[in-house]
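Protein chains: 2
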Amino acid sequence: MRYIIGIDIGGTNLVVGTVAEDGSEVLGLVSEPTQSERGADTVLDRIVSLARASQQAASGRDIVGVGIGAPGPLDTKRGVVLLTPNLGWTNMPLRDRLASALGLRATLDNDANCAILGEWWRGAARGARHVVGLTVGTGIGGGIVLDGRIYHGASDVAGEIGHMTIDSTGRRCKCGNYGCLEAYASGPAIAARAVEGIEAGVETMLPGYVNGDLSLVTAQVVYEAAHDGDAFALEVVRDTAQFLGAGVANILNIFNPDVVVICGGVTLAGDRLFVPLRSEVNRRAFKPAVQACRIVPGELPGTAGVVGAVAAFRQQMEPSG
Amino acid sequence: MRYIIGIDIGGTNLVVGTVAEDGSEVLGLVSEPTQSERGADTVLDRIVSLARASQQAASGRDIVGVGIGAPGPLDTKRGVVLLTPNLGWTNMPLRDRLASALGLRATLDNDANCAILGEWWRGAARGARHVVGLTVGTGIGGGIVLDGRIYHGASDVAGEIGHMTIDSTGRRCKCGNYGCLEAYASGPAIAARAVEGIEAGVETMLPGYVNGDLSLVTAQVVYEAAHDGDAFALEVVRDTAQFLGAGVANILNIFNPDVVVICGGVTLAGDRLFVPLRSEVNRRAFKPAVQACRIVPGELPGTAGVVGAVAAFRQQMEPSG
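These protein sequence lines are chains W and A, in that order. Quick note on numbering: the first sequence equals residues 486 to 806 in the working numbering. Quick note on numbering: the second sequence equals residues 486 to 806 in the working numbering.
Wrong hints could be hidden among the right ones.
As the list claims (entries may be wrong) - A short, non-exhaustive set of chain A residues, derived as facing chain W with CB atoms under 8 Å:
| id | residue |
| --- | --- |
| 1 | 558 |
| 2 | 650 |
| 3 | 741 |
| 4 | 771 |
Keep in mind the hints are simulated off the structure, nothing from the lab. Positions of the beta carbon are idealized from the N, C-alpha and C atoms, including for glycine.
The following block holds chain W by itself, in its conformation from the complex (with noise of 0.2 Å):
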């Protein structure tokens, strides 16, 4: 059996692991905050270290290569990360680096395609033909796979799901647009409508789990205050589904896939999200659409980008594999 490393480069954490060829075993997975803040380069070598550290762990190993999971805009064929703002990386040939750092061949796609292809390949969308994911956590990235292949787009940058106008007229999302489904259902996005409440004076108990310090709440402390009850909190949850219902139902009109499967942080709301999110979509969407989709949560969570980015490698450099 080879083995091959993938890398996962996240806004928040780096995480890497050495991944069986045929997606059976993960070894050595390793995993860092990203703290970009200290530089372009730190950042590039504590990648470096991390795959090492894996490799180390996976020793005796016959390791061939390296897959990359990485913000974007991105030019995949050139292996160059184009402009990743929180990273502070401008026009880097992130490809070429880590390959001549670890002497190892390499190939780099998008992070939230890695992770879609991962589901896939090994998790949730396992034998589906068509499937498309939305990766809810900071921001709201999408990946597209049909008939089994990352869908690219004419210059590498579709799947940008989360930047899917729902209300054209409603909020200014960060990426300039009006009415984008991350502006309602990212994890900030929940956490704002949350607080949005708090301070418009709704009952809820949400300001006891963080001390009466709101800047504290995340869509993480909804979630909990939503487990224990807390009819608000519930009512935010919901509301979330809603959003994300409308913006699922289109992805079933316009790509009539086999799954839908979301990822991220999100999924820790289970049936409490995806009961009423199917039943939005239910509402929605085209009759055979709803029918031929299953809606589904992710079932790799912390390793989908990892495992996604070594079947990305396979498919780059095999590509009948």
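Keeping the supplied structure of chain W fixed, place chain A upon it in accordance with the hints.
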């Protein structure tokens, strides 16, 4: 040179032509109102008559098959129209009935898919790799052509781009959903917005175009008045551009296509529509996606469906073509 009969079955018109297999020539183009009120079998008989008339006009040519485009939902593999309320068809084995009536091999695909494939093969999207198109008429249909092939999805219902929600709490759509693009920018929606304005007392010459009978206001009348400089009609066209712009921006962020092609009556509005449409897309979509994409009117009004049904025949019969 071999020839293929293309059949475009619309709710309003039936169009048939005999097309050279390289798409260079359309012979015997014939068209009639659909007159679906005369019953499902009558429509079928009239399609056969039209096809024979087209065949006759192309006599002496080597005609090898029939490509059919019809409203969905369909089962393209079995060649069956599942349900078309407008035409009164339920589980109609359209492909095989026409094949047997005409003594030719036949294929069936969705009418909007065919129109967009036609624009890719011989029209405004020639040479593009990834094309997403809208057909704006009585409804808003959509077609997705990726790597030069129609994308069908898991159960043949992909591409319902007109039923993408752009305002999740907005106008009720005939499909049951809220805020679909079709509810704002289809021909009847454009006319309805104009009539709403007239009834609210705006200053406009529009009523003069229909002898004061507002039930006669159509999108085409709005374009005529806009062409004549009527300020309110121009505003209705600009609003249409903004609605379509929100939808097309979503298409760019999701698909990152080379070309978005817009077909149907709405293209009669010309630059009055396309100039503000493009600037709305610029304002909303990601820059790299905007830079990669041309947004153009269809170049095959009246024949895109026929030409595309023939292209779909070729693709189904010769999968490598």
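Legend entry - Violations among the numbered hints, reported as their numbers in ascending order: none
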